[in-house]
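S.K.: The lines below spell out each chain.
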Amino acid sequence: MKKLALTTLPLAAAGSTSAFAQEARSIDQAVNETFATVTGPFVNFIFSPFPGTSFPWIVMWLVIAASLFTVYFGFIQIRGFRHSIQLVKGDYSDPNDAGEVSHFQALTTALSGTVGLGNIAGVAVAVGIGGPGATFWMIMAGLLGMASKFTECTLGVKYRNEYEDGTVSGGPMYYMSKGFAERGIPGGKILAVVFAIFCILGAFGGGNMFQANQAHAQISSITGDYPGWITGIVFALVVYAVIVGGIKSIANVTEKVVPFMGVLYVGTALIILLLNFDKIGWAFGQIFEGAFTGLGVAGGFVGALIQGFKRAAFSNEAGVGSAAIAHSAVRTKEPITEGLVSLLEPFIDTVVICTMTALVITISGLLIVDPASGNFVLDGNSIKTVGDVSGVSLTSAAFATGFSWFPYVLAIAVVLFAFSTMISWSYYGLKAWTYLFGEGKTTELVFKIIFCVFVVIGASASLGPVIDFSDAAIFAMAVVNITALYFLMPIVKKEMNSYMDRLKSGEIKRFKH
Amino acid sequence: MSAKIVIGLDGSGSGERAVAYAKKQAKQIGDCELIAVYVIEWSPYSFQTPEENEQRHARRNEEISAAESRVVSPAVKALKADGFSARGVVKHGDVADLLNAVAVEEGADQIVVARASEGGLTSRLFGSSTSNLVMTATVPVTVVG
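From first to last, the protein sequence lines are chains A and B. Each residue of the first sequence is one higher than the one before, counting from 758 in my numbering. Each residue of the second sequence is one higher than the one before, counting from 59 in my numbering.
Treat the hints as calculated values from the structure; they're not laboratory data. Treat the hints loosely; a few may be bogus.
[To be verified] Simulated DEER-style distance windows between Cβ atoms:
1) B:Ser143 - A:Lys946: 55 to 65 Å
2) B:Arg145 - A:Gly941: 17 to 27 Å
3) B:Ser104 - A:Gly941: 37 to 47 Å
4) B:Thr196 - A:Glu1196: 48 to 58 Å
5) A:Gly941 - B:Val162: 50 to 60 Å
6) A:Asn853 - B:Tyr103: 12 to 22 Å
7) B:Ser104 - A:Phe799: 48 to 58 Å
8) A:Gly1038 - B:Glu121: 50 to 60 Å
9) A:Thr810 - B:Asn119: 54 to 64 Å
10) A:Ser1161 - B:Ser104: 49 to 59 Å
11) A:Leu994 - B:Ser104: 20 to 30 Å
12) B:Gly141 - A:Asp1258: 19 to 29 Å
Just so you know, these numbers come straight off a predicted model, no measurement behind them. Cβ atoms here follow ideal geometry from the backbone N, Cα and C, with glycine treated the same way.
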């Protein structure tokens, strides 16, 4: 990997010569082509359709799992919803545990890893290809995904490692190896290793390259077009300063600003929707109609469904296993409480925030409709848009129809979201990396440097190959993680039943009223 | 039953003034126990990075032992040396809430704190711990200037 860093740098230096723009373009192009060729086979495998259909097997895999968990745990996302909110508020937290990681903190930390570009750019991709109908399937996937999240996060806390120095490490790697051993099922260790490998790829893909890519797209849409590797290097330097240089203040500031950006984003979306309240009914009509007819999008109703489910999974990461790493640091004697808290994550991320984005895009009228048939006008695979925009630029243009200044705010939000997601994923990736290679200064440094190199690659490559690889890596994590969840779900059920009984009998004490 | 006075420490000169006043009170009362409380400002609703969460438990223990060794133990020791019955408490959370909570739990007759040492914009916006305590306490509070 050192080699890669060395070859990138002289190339970057060459960019400052007279033929600046041309050279720069060719760097981006070279990165792009190499990247697409290298990752192609892996991406093709993950998204290969069921024989004889156009339906990717991986999407089916996620939906079936989420539905099964929903039924198996008796619609826990509905039954447990109220109690989840009480837990986050701290109603059941022992005052003697003050100063430890609270449910609220574990939830917001996990959320800052998931809320971000998936909600802004991902939704635009889904709606741009699958039409408004994709939103319906996204919401469905979000609601079902709550059960997947519940399962994995309960296990994450139950099987975490608590070390003598007081630190904790948790995540799918640990519940795979320890949980399987406890149930006497072989293969847990192997699954854990495979998961760790995919988790590292996911950290480089969705947790890094996709973020850098869309941050660049957003910045250059305001400043005018310029080569992606410049954004990449700036981003990489800041990420380097935080994860290698240990300049915590940058991460701390981001961590504190991101929630406000989230609130600002949702707030603005709400205002735009209120200003256009006469169109909300129509927009929901489009969403429902499109969900079952497709309204002329590529692949019809199945196209809308696939896009919806894909982007929901990418945004809320339910079943992927990443959240189990973030949630496992909470202080609680009852693992199930963190499972309950974590089910709010897909709800906030997908059901609330993604739906806001989708509604604003639908209402904006940027998706071009053929007045004769009432169907969308297609441009290749995606819907033709006013100004020919896609991804984060589509969201930005849609918000600009409400407030012309919003693209500037969005640009700042996107950069911050991208940055906080990168910091979160560098942590997830590092946990997987140290699981494989052991803890130690040098091994950790190697990972962190590779991570920074991928920031540059991500910003330089074009959206298509990056988003394909990011999806593929994250979904590959879900293949392994959900396999493990099937084997371990009886343990979660036992925990859940015991907790719910004790909650009912009053044995679980409520501290705040 | 002996009287009890809760003293709010803050690790600075103003905390010392509170201790001095409480001592005077205790002398007048005679049979009086002094409880020196130090609160580490902490909120369960703050935003943290995954790394901070991972190390939180260890940090918490460090914070408690630092508060005990640097602020509370020296204060309790000094009080005992002067012949008072005294003990220390260290807690995480909101200063005003916890001083009152300890006083209620212990059945204390009074809370002694010093005038706010913090200033600036934050205290203008959210009020100082002292003024919050005065406004919300359910136990008599004496503020030492």
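S.K.: Each hint should be assessed against the structure and marked as holding or not.
M.R.: Right, here's what the structure says about each hint:
1. B:Ser143 - A:Lys946: 55 to 65 Å: 58 Å, holds
2. B:Arg145 - A:Gly941: 17 to 27 Å: Check failed, 51 Å falls outside 17 to 27 Å.
3. B:Ser104 - A:Gly941: 37 to 47 Å: Since B:Ser104 and A:Gly941 have Cβ atoms about 42 Å apart, the given range 37 to 47 Å holds.
4. B:Thr196 - A:Glu1196: 48 to 58 Å: With a Cβ separation near 49 Å, B:Thr196 and A:Glu1196 satisfy 48 to 58 Å, so the hint holds.
5. A:Gly941 - B:Val162: 50 to 60 Å: 52 Å, holds
6. A:Asn853 - B:Tyr103: 12 to 22 Å: 18 Å, holds
7. B:Ser104 - A:Phe799: 48 to 58 Å: 40 Å, violated
8. A:Gly1038 - B:Glu121: 50 to 60 Å: For A:Gly1038 and B:Glu121 the Cβ distance comes to about 54 Å; the hint holds.
9. A:Thr810 - B:Asn119: 54 to 64 Å: 57 Å, holds
10. A:Ser1161 - B:Ser104: 49 to 59 Å: Once the Cβ atoms are compared, 35 Å apart, the range 49 to 59 Å for B:Ser104 and A:Ser1161 is violated.
11. A:Leu994 - B:Ser104: 20 to 30 Å: 28 Å, holds
12. B:Gly141 - A:Asp1258: 19 to 29 Å: 55 Å, violated
In the structure shown, a violation is registered for the earlier hints numbered 2, 7, 10, 12, in ascending order.
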